[in-house]
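Q: Okay, here's what each chain looks like letter by letter:
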Amino acid sequence: MSPRLSIGFLTLAMTIGVGASFVYNPPQAHAQETKKKRRKEAEAAPVVLNAAAVAELQKIATDRKLRIEDLSAALKTYLPSGTHDEYIIFASGGHSGQVFMIGVPSMRLLRTIAVFSPEPWQGYGFPVGEEILAQGDHQGTEIRWGDTHHPALSETGGEYDGQFLFIGDKANARLAVIDLRDMETKQIVKNPLTVSDHGASFVTPDSEYIIEGGQYSTPLGFSYASVDDYQSAYRGMVTLWKFDRAAGRVDQTKSFALELPPYFQDLFDAGKKASNGLIFGNSFCVESVTPGFKIGEVNFEAGCSQRDTDYLHIIDWKKAEAVFAKGGAKLVNGFPVISIKTAVDEGVLCLTPEPKSPHGVDVTPNGEFVVVAGKLDPHVTIYSTKKIREAIASKKYSGTDVYGVPVLDFDAVMEKQVELGLGPLHTQYDDKGYAYTSLFLDSAVARWTLGGEYASLHSEEPWKLVTKTPVQYNIGHLVTAEGDSVSPDGRYLVAMNKWSLDRFFPTGPLLPQNFQLVDINSPGTTMPVLYDMPIGVGEPHYAQMIKADKLKPWTIYPAIGWNPHTQSIDPTAVKAGEERVVHDGHDVTVYMTAVRSHFAPDRVEVTEGDNITWKITSLEQSMDATHGFCIGGYNINLSLEPGEASTIHFKAGKPGVYPFYCTEFCSALHLEMLGYLVVKPAAPDAKLTEATKQ
Amino acid sequence: MSRSTLLSLLGPRVSDDELLARGFRYLAPTVTLAIARVLLVISIFFPYWSMLLEAPQYPDGLEVIAYVNTLAGDVQEVDGLNHYIGMRPLGEAASFERASSVWMIVAMFLLIEGAASVRSKWAVLLVLPALLFPLGFIVDLQFWLYHFGQNLDPHAPLSASVKPFTAPAIGIGEIGQFRTIARLETGWWLAAGSSVITIVGLLLHRRAYKPLHDLAARRTTTGVA
Numbered sequence: 001m002s003p004r005l006s007i008g009f010l011t012l013a014m015t016i017g018v019g020a021s022f023v024y025n026p027p028q029a030h031a032q033e034t035k036k037k038r039r040k041e042a043e044a045a046p047v048v049l050n051a052a053a054v055a056e057l058q059k060i061a062t063d064r065k066l067r068i069e070d071l072s073a074a075l076k077t078y079l080p081s082g083t084h085d086e087y088i089i090f091a092s093g094g095h096s097g098q099v100f101m102i103g104v105p106s107m108r109l110l111r112t113i114a115v116f117s118p119e120p121w122q123g124y125g126f127p128v129g130e131e132i133l134a135q136g137d138h139q140g141t142e143i144r145w146g147d148t149h150h151p152a153l154s155e156t157g158g159e160y161d162g163q164f165l166f167i168g169d170k171a172n173a174r175l176a177v178i179d180l181r182d183m184e185t186k187q188i189v190k191n192p193l194t195v196s197d198h199g200a201s202f203v204t205p206d207s208e209y210i211i212e213g214g215q216y217s218t219p220l221g222f223s224y225a226s227v228d229d230y231q232s233a234y235r236g237m238v239t240l241w242k243f244d245r246a247a248g249r250v251d252q253t254k255s256f257a258l259e260l261p262p263y264f265q266d267l268f269d270a271g272k273k274a275s276n277g278l279i280f281g282n283s284f285c286v287e288s289v290t291p292g293f294k295i296g297e298v299n300f301e302a303g304c305s306q307r308d309t310d311y312l313h314i315i316d317w318k319k320a321e322a323v324f325a326k327g328g329a330k331l332v333n334g335f336p337v338i339s340i341k342t343a344v345d346e347g348v349l350c351l352t353p354e355p356k357s358p359h360g361v362d363v364t365p366n367g368e369f370v371v372v373a374g375k376l377d378p379h380v381t382i383y384s385t386k387k388i389r390e391a392i393a394s395k396k397y398s399g400t401d402v403y404g405v406p407v408l409d410f411d412a413v414m415e416k417q418v419e420l421g422l423g424p425l426h427t428q429y430d431d432k433g434y435a436y437t438s439l440f441l442d443s444a445v446a447r448w449t450l451g452g453e454y455a456s457l458h459s460e461e462p463w464k465l466v467t468k469t470p471v472q473y474n475i476g477h478l479v480t481a482e483g484d485s486v487s488p489d490g491r492y493l494v495a496m497n498k499w500s501l502d503r504f505f506p507t508g509p510l511l512p513q514n515f516q517l518v519d520i521n522s523p524g525t526t527m528p529v530l531y532d533m534p535i536g537v538g539e540p541h542y543a544q545m546i547k548a549d550k551l552k553p554w555t556i557y558p559a560i561g562w563n564p565h566t567q568s569i570d571p572t573a574v575k576a577g578e579e580r581v582v583h584d585g586h587d588v589t590v591y592m593t594a595v596r597s598h599f600a601p602d603r604v605e606v607t608e609g610d611n612i613t614w615k616i617t618s619l620e621q622s623m624d625a626t627h628g629f630c631i632g633g634y635n636i637n638l639s640l641e642p643g644e645a646s647t648i649h650f651k652a653g654k655p656g657v658y659p660f661y662c663t664e665f666c667s668a669l670h671l672e673m674l675g676y677l678v679v680k681p682a683a684p685d686a687k688l689t690e691a692t693k694q
Numbered sequence: 695m696s697r698s699t700l701l702s703l704l705g706p707r708v709s710d711d712e713l714l715a716r717g718f719r720y721l722a723p724t725v726t727l728a729i730a731r732v733l734l735v736i737s738i739f740f741p742y743w744s745m746l747l748e749a750p751q752y753p754d755g756l757e758v759i760a761y762v763n764t765l766a767g768d769v770q771e772v773d774g775l776n777h778y779i780g781m782r783p784l785g786e787a788a789s790f791e792r793a794s795s796v797w798m799i800v801a802m803f804l805l806i807e808g809a810a811s812v813r814s815k816w817a818v819l820l821v822l823p824a825l826l827f828p829l830g831f832i833v834d835l836q837f838w839l840y841h842f843g844q845n846l847d848p849h850a851p852l853s854a855s856v857k858p859f860t861a862p863a864i865g866i867g868e869i870g871q872f873r874t875i876a877r878l879e880t881g882w883w884l885a886a887g888s889s890v891i892t893i894v895g896l897l898l899h900r901r902a903y904k905p906l907h908d909l910a911a912r913r914t915t916t917g918v919a
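For the record, the sequence lines run as chains A and B. According to this note's numbering, the residues represented by the first sequence are 1 to 694, in order. According to this note's numbering, the residues represented by the second sequence are 695 to 919, in order.
Simulated from the structure, these hints should not be mistaken for lab results. Even glycine gets a Cβ: it sits at the ideal position worked out from N, Cα and C. Honestly, I wouldn't trust all of these hints.
[As the list claims (entries may be wrong)] Distance windows between CB atoms, simulated:
no.: 1; chain 1: A; residue 1: Leu669; chain 2: B; residue 2: Asn845; range: 15 to 25 Å
no.: 2; chain 1: A; residue 1: Pro80; chain 2: B; residue 2: Arg782; range: 40 to 50 Å
no.: 3; chain 1: B; residue 1: Phe790; chain 2: A; residue 2: Thr572; range: 28 to 38 Å
[As the list claims (entries may be wrong)] If we take Cβ atoms under 10 Å as the criterion, some of the chain B residues that face chain A in the derived model are:
no.: 4; residue: Arg731
no.: 5; residue: Val735
no.: 6; residue: Ile738
no.: 7; residue: Phe739
no.: 8; residue: Asp754
no.: 9; residue: Gly774
no.: 10; residue: His777
no.: 11; residue: Leu846
no.: 12; residue: Ile866
Chain B with its partners taken away, still in its complex shape (with noise of 0.2 Å):
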């Protein structure tokens, strides 16, 4: 990779001078995308949604927990339920996505950091997947309650009352005798939070290191070295 390659992915160097002179200017951007990655690290820990299940016979409801790696709540009594209309153990669905999501977010986090340490427009595309994650998070979940809805056991009991159905992701939705409704929870208002930060701190990277780029381009244009 020859040196301009590199100065270009890495962006032209803050001198010590302007450093001295506009120091807030160039802490900004790596400030604001710290507390992006430590936001997206602590969602870990808190749910990232929720369905809670009413029903006459549960006065006090039936509720999932999503976790980005794991499953809580009444999990085993709902997929007790589950059975009676032919839909698969909840415990199978998005098993490759609870299993590498900490990863995930650990390369997230490496990337974040990044692009905090880059000086060039490259740090758009390294904050992209922690951009997209909270939104991906919707997605993948909506297409795992479609999935499991539109496939259930056609031997199941209850098949002949219960038909395939999709469950909303977010919202109210209705099964048999249940109705169910779902929620975003603390962890994923944390990842969006992380998102939205990112994008402000995209914004500072931009004001610190665009006006060093331009000049730089400048001298390039102009010959002057």
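In isolation and in its complexed conformation, chain A is listed as follows (with noise of 0.2 Å):
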């Protein structure tokens, strides 16, 4: 290269090079992987016992009165400080109206997400998020509870994808949408149809639908019949709630419902792989017997379970969204409904007979079974998906029920009868061929093995019971890791047991629910208790165990002033040095921002009566630096998580000064991060004023 084609040659590249400097953006993200790397070399290298340290394990097993079994179920389960659960819980808050976010193994309360109910940590309801708490309001009577029952995650292609989750409210007939990016509630849909519902929430493969199933019948559109009009006027439902994915949010102009026969819907699934395009849902009181009402001397609760069989509905999903594409729908209270006869018609519902008063049906992992667990039955029974598919294509009728549903041969979709203990409730699976079904009498969680494909996976006989463990005491729903998923990672299982009795110090007549930790990652009879878990808040019902890692919870909202409610910057949100109080007439804006260990402005005076915007934007940019904001008083408290906005409306009450503080110990100046809201008197009284006067 000739001296001066290369002096060229580098005028060029320093010019690229200079250019390139001006537009060219540091990596932020290189301290936060020198951090990641820094935090790897810190892991710790297991220890090898020798026999001092096995003294020393003695010593302790000795005084505590450890038995090996203890020891091994607490090195299960122990997690060093700074280290994370494998899995986590979302569990149904019960009656709380909340959700709780657990660690598996450490059974480690993580938070509650408060979804039906408000929650002054999170700032849920006072009054940031009052209006999503409005949206589940019932015929303008304030719900500010829920009894949340069943948590879904939202799934692509039937595996969880970590990024919502929806829950049911048993008590107001709702359903809400949680963004597990913020972890906080975006949505809750009440259903017009309904007052209570049991069946919500379960999603199909896509998370195309949230399926919501009713309990009680009662007239649709919460119009009023006579219950002696109960066969005629009274009906079940289940209503399909599209989800809108990319806005995160059940799109209720494309959703739509169906009527079912007054049975009492209790728990739905949906079809998976095989059985895609299908939803399962059983029913109790097919007597149609009404409170009230007897049957010679026997009660209701005995009238509902007279027959020995009740009815599995078997909804085609698929088909119903096109005959509601097609106009097939009905508005009852401005909501569209395919009705009985429409769905019978199109061929969108059938039953088969179920065992009586059933409570859990769940599908396998595959789709190719339905595992409906009989609650007053000691059998678990299990429907063929394809069979159920035949004898819907060769209508193999064993009859009409009185609403004129065809009702398929029992016979013909059958596959299995497995008798396992008294009072199967729910079902889930494992990645080993095996079946967990809760048994609610016998207390106690049954391993059982499945045939079809999955008998090559044991090494046990199919369809027979392999082991029973005890869980203490009376459990209700089971979980295991993803256990309800297309590919269930078994690991572990969690018993969500209704009563505590004798497992914890007693605290006073209303005692903490037990959720129990079991291994159950040994095949064969071998599936100990390892943890018990109080649940010292509602009585949850359902929970999903998703492994840790497919959830990615910002730690920080992306950018300050960011809107969780819409989740994007909002446009109107103060920033930084444009911290002011306006006055115009009446109405007051509260220009603010919030950082430790100040908010600005810290002083603000406004008139008796004002209408008081009050917006305030969290500057925080670093992990877990979050604000509280409460003025005392007003009933107000807001969580600015780090870059948060918010905005809240209210109207200066009675003159006098009300201060405001950072609720959260955000900082050493934690306690001098405070203000000043000075309400003047309307008519100004000369003392006061001259008092106020600096």
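Both chains come to you apart, so use the hints to assemble them.
A: This is the structure:
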């Protein structure tokens, strides 16, 4: 290369380099990467037990009277400080109206997520979030609690995708959507047809729809009809809520329901893989007896279980979707409902007998079978989804019910019945071809073998009880790791026990529930209980257990001025340096920022009766640097997570001085993070005006 | 400017015969100084310096990363903490240096280019800024660390427990509950490498052109033109 050419080349290189240096942003990620590297290096090496270590363990075991299985359970569940759980449970919070986020195997409560009830720590309903809570009001009646039942993680291809969580409220027939990026409730949908429900929520394999099955039949759409007209005027239902993943919301305009006979529909599950396109839902009380109605001397609950069988509902949701799309639904209380007649005519709905008063209906991971647990029958009944499809195609009916719904011949669709014990309720699966069913009356978890293509995964005979592990006490639901997805992990099972009796120190007449961790990692008859976790809130029902690494929660909001409700930057959010108070007649707008350890502005003067709009942005960008913002006497408490922007409206009340302060211990100057809301009298009193003048 | 002055600045011409005979001797300094120049420009894109701050409530530490023209890392958080001890925001430090550094590097680039083009001892003067740049960076940095650490707002909340201090530009320091670990980063090492290669280039330059100079000088004194 000639010197002249090389000089030209270098000059070009320099020009490009310098030009690039002005558009180039140094990677902020650099710091994060080096941090991660350091964290990795710090990982501990496992202990090698020598004689001294054994002696130390022996001493602890002797002092604390621990058995070898206790030591083993402790070692399997203990997480050293700073290490994280492998799985996360999202559990219903029962009447607390919340969701619990629990780590597995440590069984540590990580946080609660406020859903149907106001919750001050999260600033939910005080008053931020009030507009979400109000979405769930029933015909003008404010509802500020929920009986949360069944959480459902959003799915892609039948796998949990870790993006959203849905949960139903039985008491008020509502459904909530939680965004798992910030673990906050974004939407509550009130069912326009029914007062209460039960089968919510369950999702179709790609979360196209969220299923909300009803329970206690009423006239649809909240209208009145005498209980004496039960058969003609009362109806069951199942609602298919369309989920708009991009918006992160249920799209009520694309949702619809199916009218069902007034049986008490119970739990539902969506078919997957082999049975994708179907929905299964069971029922009880097909006798259609009603409260107050007696058969001789038999009371309602006994009357409700007179017949030997109830009905498993089989719904073709893809056909239902097509019927809805071509206008086959009629509006009830403004909501589209496909009538029983249309559903039957279009081949959307059929029934098949199931042992009386069942509870769980759980599709196997490959979609081949549906397991219905007997509750009042010691068996689980397994239906073949292939046989169901064949029976529908060849119209193998044993008759129709009184509402004209075809009933598939039981023997044509039933695959097996497996006797497990007393009170079978719910079933989950693992990766070894086993199913796990909770036995309420036996107070045990049953492990049993699946057949079909699962038979090769285990060494036992298919369709047989393998072992039962007693749990304490009265188990309701159970959950295994990803146990209702298309690929369960096995490993852990959590028994969700209704009673704890003697398991914990008595807490008065109201006792906690007991979540028990069960080790299901070894095949065969080994299935020990590892850990008891008291749940001192509500009455949890179902839970789902997801691999922790599928969740990608934000640790701070993506940008300063973030509106969690829209999950985007609020263009009107207050920016640093733009803090001020603007008076416009009786309208006052406060533009405030919060950063350790200061609210700016920290003195806000208004006049009695002013309409106040208070905008506040957290300027923090550091993990865990959350500020609270409360105004005493005003029922106001916000949680301002790093970057979050909130706007609240309220009216200035009685004249006086109202301190506001940060309710999180944010920094060494937390107590000093305060200000005054000064409300001046409307008709200025000479003395007071003088006193507030500085 | 007289022709002789210009000649003494630029140095004697290299005859075509000489170039043909010993091309590598004359190419070597040009190429070496070219490498030095390129390294200097590349260094703009790499961090020159970083300070890691370790404290109990920051298990992953906080990091401030200095490029010649900007700051990156946990600057906002560090600024937030600094306001408790009355230190001014980091963005106010060395603002002239950060604004002008790219142009200074452009200038140094052109000066090295000039050094490669002249055939006289003045080449040393031309590369001097680039040669001293890495050292200058450290001196300037230490000045700012001193200036910021010593001039704390006496009315700051924690002024009772954190007295004025000077954090070391390289190595370990201690401020409050923080341990600071400052070290030079890739960009600085690229600049330092550029300096070393520049020195090598100068030696090669001298080897190539000194004999021509000496020859010209001898011819002048002996009157042989």
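Q: Does each hint hold? Answer for all of them.
A: Checked hints:
1. Remark: the range hint 15 to 25 Å for Leu669(A) to Asn845(B) is upheld by a beta-carbon distance near 22 Å.
2. The given range of 40 to 50 Å is respected by Pro80(A) and Arg782(B), whose C-beta atoms sit roughly 41 Å from each other.
3. Between Phe790(B) and Thr572(A) the beta carbon distance is about 36 Å. The supplied range of 28 to 38 Å therefore holds.
4. Using the Cβ-Cβ criterion of 10 Å, the hint placing Arg731(B) at the interface with chain A is satisfied: the shortest such distance is roughly 6 Å.
5. Annotation: Val735(B) was flagged as interfacial toward chain A, and the flag holds, the nearest CB pair being 4 Å apart, inside 10 Å.
6. Satisfaction of the interface hint for Ile738(B) is found here, the shortest Cβ-Cβ separation to chain A being roughly 5 Å, below the 10 Å cut-off.
7. The interface hint given for Phe739(B) is met, as the beta carbon of that residue sits about 6 Å from the closest beta carbon of chain A, less than 10 Å.
8. The closest approach between the C-beta of Asp754(B) and any C-beta of chain A is roughly 4 Å, which is under the 10 Å cut-off, so the hint is satisfied.
9. Interface hint status for Gly774(B): upheld, as the beta-carbon distance to the closest one in chain A is roughly 6 Å, under 10 Å.
10. The interface hint given for His777(B) is met, as the beta carbon of that residue sits about 8 Å from the closest beta carbon of chain A, less than 10 Å.
11. With a least beta-carbon distance of about 16 Å to chain A, the hint placing Leu846(B) at the interface is violated under the 10 Å criterion.
12. The criterion of a C-beta within 10 Å of any C-beta in chain A is not met by Ile866(B), whose closest approach is roughly 16 Å, and the hint is violated.
The structure fails hints 11, 12 (numbered hints given earlier, in ascending order).
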